[in-house]
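Novice: Each protein sequence line maps, in turn, to chains A and B.
Numbering of the first sequence is given in my numbering, commencing with residue 1 and proceeding in unit increments.
Numbering of the second sequence is given in my numbering, commencing with residue 1 and proceeding in unit increments.
Since the hints were derived computationally from the structure, they do not count as laboratory data.
The beta-carbon is built from N, C-alpha and C at its ideal position, and this holds for glycine as well.
Any given hint could be a false lead.
Distance ranges between label pairs, derived from CB positions [unchecked claim]:
hint, chain 1, residue 1, chain 2, residue 2, range
1, A, T106, B, E190, 54 to 62 Å
2, B, G123, A, L32, 45 to 53 Å
3, A, V112, B, A23, 37 to 45 Å
4, A, T106, B, K255, 31 to 39 Å
5, A, T106, B, T207, 49 to 57 Å
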Amino acid sequence: MLRSPEVTVRAGAVFPMFLIYENPGPLAGVTLGWRLAQRLELVARGEAGALFFDGIQRYQAKLGVGVRLMPWPKWPVSPWVQLGVGTTAHAERVGVVLPERTASATDFGAVVTADASLGVRIVQRFEVGLGWDHIVVPWSYYSVYMGNEADPHRGYALAWFGVKL
Amino acid sequence: MSFHRLLSVALLLAIGCSLKPPASETLSSLPTSVPAPADNPTRPEAVELGRALFWDPILSGNRDVACATCHHPSFGYTDGLAVSVGVGGRGVGSARAAGPGARVARNSMSVLGAAFNGLTVDGAALPEAAPMFWDHRTASLEAQALGPIKNELEMRGNAFREDEILDELVARLSGIPEYVARFRAAFGAEGVTATTLAKAIAAFERTLVPSPTSFDRYMAGDDGAMTASQIRGMHGFIAQGCARCHSGPMLSDFKLHRLPVRESGAPDLGDGTGQFRTPSLRMITLTAPYMHNGTVTTLDGTIDFYHNLEVTSPLLEGDVEPPLGGGDDLRAFYEALSDGTFDRTIPERVPSGLPPGGT
Chain A
1 MLRSPEVTVR
11 AGAVFPMFLI
21 YENPGPLAGV
31 TLGWRLAQRL
41 ELVARGEAGA
51 LFFDGIQRYQ
61 AKLGVGVRLM
71 PWPKWPVSPW
81 VQLGVGTTAH
91 AERVGVVLPE
101 RTASATDFGA
111 VVTADASLGV
121 RIVQRFEVGL
131 GWDHIVVPWS
141 YYSVYMGNEA
151 DPHRGYALAW
161 FGVKL
Chain B
1 MSFHRLLSVA
11 LLLAIGCSLK
21 PPASETLSSL
31 PTSVPAPADN
41 PTRPEAVELG
51 RALFWDPILS
61 GNRDVACATC
71 HHPSFGYTDG
81 LAVSVGVGGR
91 GVGSARAAGP
101 GARVARNSMS
111 VLGAAFNGLT
121 VDGAALPEAA
131 PMFWDHRTAS
141 LEAQALGPIK
151 NELEMRGNAF
161 REDEILDELV
171 ARLSGIPEYV
181 ARFRAAFGAE
191 GVTATTLAKA
201 IAAFERTLVP
211 SPTSFDRYMA
221 GDDGAMTASQ
231 IRGMHGFIAQ
241 GCARCHSGPM
251 LSDFKLHRLP
261 VRESGAPDLG
271 DGTGQFRTPS
281 LRMITLTAPY
291 MHNGTVTTLD
301 GTIDFYHNLE
311 VTSPLLEGDV
321 EPPLGGGDDL
331 RAFYEALSDG
341 TFDRTIPERV
351 PSGLPPGGT
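Using the sequences provided together with the hints, build the complete structure.
Specialist: Structure, rendered in structure tokens:
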């Protein structure tokens, strides 16, 4: 039977590498961790982020699960690696101010990602992590464009600092 | 806070978060009226005469090529070929490419909307100075109309010298009573001359303007005219730099640029320095192949061209990056520029009695 989880709140940045986005955006999240064994944790993560680039804003929220391996859990600086899957939903607005009108459109969607991350836990309380969420099922596949560039299967990198509550 | 105040704040925020391109990189709809020079107003008699001439192969040295041969409505008033096949060719489209005939070094530009050549981002147009051809070697539709007629590969052939062909055509047309009557109706006592021949063709070409596209209707306030995908494509088009050159109502700055386009044969120096005009993207889905020499066969190929472009020389341009993963949205935007209807009339006969459109 699982014990009550460790709760870690996180704040950091998301670095998109898909569509038009080039700029990092803010990220906030929470991780729940259930100890399965001395070196293994089941984790659930939820986070929200925002991306902005030249008249386009995407607000996204992710829910995911994974496992975290901590080879040396008792060390004061304890490294860990984590693998997981998740779903990221988004709302996106684009807007362009043209002489005759402002053109805008809002879109909603979701992607499925596979994620890998690594980091360290410091004095059993603080956490620094880096991750990559790879889009394995994009929101849309090409139905018209049949060129060989602009692969939609990219993802975004994450960097965060966390505090265990 | 009142609802209206909330709405105002929301709108302000939304506009504040919108891309506002500089004036030189913005897009707009086409004017509702077509500009024409003062000495060649677009009158029905001239237009219909121009239509007959446009389709009549009598204007070619060997009576086998018409303007419509390479500017055919079935291909968006291009010929659908990488490079045009002029004198000695047979048929239209791919059949023409497979047959004999003189290969012209360049891709046929669409006549659709050519009446707006030179239109600036603020909608100003001077038809007498409208730039023509890939290398801008002439100005105005009137001047352009005589270019292919005098060109050995396109229409003249080698039976007549360049300085002979216009006199020959005036003599031919003057020998056909129907043409004489129609020139008189269109231009009065001026009758059949090289000048009125050019004016008639230009007058007809000024009518080859598509009806408002989805893009134009959206610009005019019809919120439902463009899909979200088309708007995303338009945003990406502007944000990633395509509109640095493909700007204004015609999506062309009507300037010459030098891009590292693959050569298809002997080097083509364009205006003499390797530069070619930014083509309009109006009706772009109908006018493949692309680039001045037709070396990019599909619209997707143009997107990939820019993705793969490495601009390493200060003499070269084209350093834009289509949105990663935005291929479908860009294509959707191109559709919004290309869904206007246009005159597809193919006349059953022309006054010379020759086959309309040539052999």
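Novice: Now tell me if each hint is right for this structure.
Specialist: Results of checking the hints against the structure:
1. A/T106 to B/E190: 54 to 62 Å: holds (59 Å)
2. B/G123 to A/L32: 45 to 53 Å: violated (59 Å)
3. A/V112 to B/A23: 37 to 45 Å: Check passed, 42 Å falls within 37 to 45 Å.
4. A/T106 to B/K255: 31 to 39 Å: holds (35 Å)
5. A/T106 to B/T207: 49 to 57 Å: Since the Cβ atoms of A/T106 and B/T207 sit about 40 Å apart, the hinted range of 49 to 57 Å is violated.
Checked against the numbered hints listed earlier, the structure breaks hints 2, 5; every other hint is satisfied.
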